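Quick mapping for you: the protein sequence lines, in order, are chains A and B.
Heads up: the first sequence begins at 1 in the working numbering, then just goes up one per residue.
Heads up: the second sequence begins at 1001 in the working numbering, then just goes up one per residue.
No lab work stands behind these hints, which were simulated from the structure alone.
Don't take every hint at face value.
[Claimed, not checked] Partial list, computed: chain B residues near chain A (C-beta under 8 Å):
hint, residue
1, Arg1021
2, Asp1053
3, Phe1057
4, Ala1104
5, Leu1109
6, Ser1113
7, His1116
8, Pro1268
9, Gly1271
Bear in mind that the values here come from a model prediction, so they are computed numbers and not experimental data.
Positions of the beta carbon are idealized from the N, C-alpha and C atoms, including for glycine.
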Amino acid sequence: MSAPATPQASTTPVSNYRPFPGVMDEMIGPDGEMRPHWAGLMAHLTGREPEALAADVARGEQYLRDAGVFFRAYGRNEQAARDWPFSPVPVILHEDDWQEIAKGLTERADLLEMVMADLYGPGRLVAEGHLPASLIAESPEWMRPMVGVAPRGGHFLHFLAFEIGRGPDGRWWVLGDRTQAPSGAGFALENRVATTRVFADYYARARVHRLAGFFRAFRDGLAALQGPAAHAAGSAAGILTPGPMTDTYYEHAYIARYMGLSLLEGGDLTVEDEALMVRTVAGPRPINVLWRRLDAGWADPLEFDESSHIGTPGLMAAVRAGQVTLVNALGAGVLETQALLAFLPGIARATLGRDLRLPNIATWWCGQSRALAEVRRQAARLAFGPAQATQVAFLGGAEGMQAPSDAAARDAWIVAQGPKLIAQERVTLSTTPTLSGGALVPRPVTIRVFLARTPNGWQVMPGGFARIAERADATALAMQQGSSAADVWVLSEAAVPTETLLAPQSAPFVRAEAPALPSRAAENLFWLGRYVERTQGVLRLARAYHGRLSEDGTGPLLAALAEMLDRYGLTAAEPMPEGLFATLASAVAAASQIRDRFSVDGWAALSDLDRTMKRLSATLRPGDDAAAAMGVFLRKIAGFSGLVHENMYRGHGWQFLSIGRALERGAMSADLLAAFADPDAPTGALDLAIELADSVMTHRQRYAVMPSRGSVVDLLALDPENPRSVHFQLAEIREHATAIAGGRHKAQMSGLVRQARTTETRLAVATPSAMTTAALRDVRDDILALSELLGDAYLQ
Amino acid sequence: MIYDIALRLTYRYASPATGGRHVVRLMPVARPGLQRLIAGHVEIEPHPDGRTDRTDFFGNATTDFGFRGAHDGVALQLHARVDRQAPAPPGPATPLARLAAEIADVDSLGPQSPVHFTAPSPRAMVDAAMATYAREVTTPDMTAADVVTAVGEALHRDMTFSAEATDVGTPAADAFAERQGVCQDFSHIMIACLRSLGVPAAYVSGFLRTLPPPGRPRLEGADAMHAWVRAWTGKEGGWIDYDPTNALVPATDHVEVAVGRDYGDVAPIKGVLRVTGRQIGSHAVDMVPVD
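All chains should be built: construct the whole structure from the sequences, respecting the hints.
As structure tokens, then:
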């Protein structure tokens, strides 16, 4: 709280803002006056006291943390998720400017579709000399298996992104085409939500074009690609993701949830004959539209990189047979080659008869003599990169190439590199205000703009994803190098309608059938149920141990507890056992694979528990302190279970989760009972067993006697009405397993149901005295064996 | 010369596999003026659930097939009758110094275009040792065809044929460091050397006559599928073949199956088998002249 209590006019974030001389600034015009479309936000900012503004920004950051938006940064040997580099001040553009950008990019999208169709079709651009053959042939993204393949539905490109930047004269330039699997649309949405949290009071009246309409139109486009039959059959389009280890996985899960698409990995898919199928718990189900976020090289080990373990063997065969539309087509990555920027202006003139409305950055490929001569003449003012680079040369990044600074050496180097080299103009990018230490400072910016093909043609997202450089020079704009991300506001003159992704109320109402659950998702839900339940179980054990530590430092009961903790991978002596982290980490890992299947609140509850445990682990002391902490953790994880139980749709996913929970609870209860209700167990073990099952009150009410082996086994193993009893868990498993099998094995009882019912019956007819320690261990093993039956039946 | 070719490829799995897809390239290709396929078929056991016969980008006969259910192996049987001619003498080769300019003038992405064969490919990566070697065994004033012969003969002289030293996954650089390998290694090394000098080079898979004509030695590689090299010697010279394992220009003892940038483009069988056990493969070839 070092900021002054009453800010002077001269210390507002806005008043000291000074653009760099000779550099175009988005907010301040060349006359030194603020551009009118920034005035509203700046007035709002000026009116905020520093503490209030800091709290506003913290609200946006909190939203991103709660939503689990993170950015995976790659180090040399490790990768770690770090907080999303959020820059709260949006880049504001007037809708008239935006219209020009949208028209220019739409024209460019059509041009790229034409080039793509030619490169994988007749090859006229090469034959007529508009493109050099060797440049295309040497591209690792020009996919030979796609040559001659007509895309299902007639188009190769359906979702594109363009990197644009503004030069000193105010013109926008295209810096790069993103055609393979452009990311960032989901992050743009999240940035928007976070930014509206920061400027909550102002946003509603700011006349900012909303983003939802764009996503609705794209979703309609995907539905049209599916065709009426597939759409009516309830088959969802899918997002094909490389999986949780990829840096944009969060976005894939987020978009899948937002747009109602299935989130699929290569292993979720299989090709039968030439049809693409999803492996689901109800058997293979056809799918014919995939929004591909996996680079083509990994997509099919039979036709592309043989070493890929994240692809689908036969995907290319399905494409060739016209059975599936990929958004975008395999092989579209060739259009990202920066060297193409040298040829696209000429191709536009040859095919459209005029220059592109929105030019791309001047580029030369040094494999042709005229271009080489030009580059040698201008070398001092150019930036260099490899011919197959996909990033613009002057923004550096991993692909940048440093030319020798000595003029003669540089010239020799250029000639020697020849066809391996491109040269590009350096553009001094425009700057935009960003907050730094409470003040606004100008920083270079590029904007990623998204286009989607819809039944009504290309739609341009009215907004985007702005990257803001950390330093005043623009060379470090890659996210990996510490730039930050901001929202883009397109400001309207008129009031804007509020939009959501939901269909208008006048549309006919259909209760869509949920698509069949992919086997991998079912498996993760099952394990999530098991690991969350096990975490609760070991937390209770650890709490019981530490609670007794202060009273009974060395007794036999404590030793028995320590031994039991050890069986579940926990070292009793540690106040914050490592094994507990491992169990919770398994739960979080399972959850992170199915982020699209439960709510943001559920995820927040789970990651909150993880954070709290890590925070407390350093300071926790054995005994009462640790016991109290375990109680806190138990309440937090109960929060997660409660959210899931209250909110999760009662479909197959919920059933797998519930089976996992019941199976783990049943097996663990039987195991604990076998140990603590054993006739030779130490004094106090029966009370402990009741405590571990959270059934102290129930026992008191039901039996009104001191616990005996008979009463404890009756309540915790045999009582069908006690939600903590082993019997109850088996009834749960049997019910859910019957529901899952309902759609599949109508005539015949599944092996899983039969086994669950057999063990359930055994408990139903048993007397407490028949439930010996050995019998309880048998029951435990029978329950654990159900896991394998489930795996065999559904999870292959 | 007319040949009957029989090939049997067998893979047995230690435990049954569930489902699987394969791509097979076994059928000799038709090449006008050089090779004619009179008749041929590929049998697959067990009977696959779906099969498609097609031609790939480079013109190779390709078969896709898949299994849905459990199976404990796959066997492929090729029978083909092929009429093979010696190649016509090539046109004059281009001097090495002018080859780059002729490649730059190529305005086609068709399968015969040399532009596909200039860049390193996954199994024929150029390393410094091979590039140095290639420079040492050639001179800058050679034609592209001279370069092909010089590199091929040098490799045949300096490398030892050994079926034990390498396997199908050994990188070319390792085989070159050991100076040992089989036809696949000889060919990948020669391809990398030629590309390092700017000569477009392709990988050819095929068969060799099993028993030599009377009075001639038996060629290395005749008991399995064979591989050799095809190089582009310029606009006039076109493509020429060279077999570095036997240091000769393939003529009527060689029958071509498929061509590509390296083994990865022409592998006789590809397929992800969802198995946990070990695969056991066997491979038997017979190529005899028809009287």
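Under 8 Å, Cβ to Cβ, is where glycine 1271 of chain B needs to be relative to chain A, so tell me if that hint holds or is violated. 7 Å, holds
Agreement of hint serine 1113 of chain B with chain A interface, Cβ distance less than 8 Å: 6 Å, holds
Holds or violated: is the Cβ of alanine 1104 of chain B closer than 8 Å to a Cβ in chain A? 7 Å, holds
Interface hint status, histidine 1116 of chain B versus chain A (Cβ within 8 Å): Interface hint status for histidine 1116 of chain B: holds (5 Å vs cutoff 8 Å).
Proposed interface contact between phenylalanine 1057 of chain B and chain A, which counts if any beta carbon pair is under 8 Å: 4 Å, holds
Quick check on the hint: proline 1268 of chain B CB to chain A CB, less than 8 Å? With a closest approach of 13 Å, the proline 1268 of chain B hint is violated.
Satisfaction of the aspartate 1053 of chain B interface hint, Cβ to chain A closer than 8 Å: With Cβ-Cβ at 12 Å, over 8 Å, it is violated.
Checking hints one by one. Is arginine 1021 of chain B an interface residue toward chain A, by the C-beta closer than 8 Å rule? 4 Å, holds
Less than 8 Å between beta-carbons is the criterion; does leucine 1109 of chain B satisfy it with respect to chain A? Since the shortest Cβ distance to chain A is 5 Å, the answer is holds.
The structure does not agree with the numbered hints 2, 8 stated previously, though it agrees with the rest.
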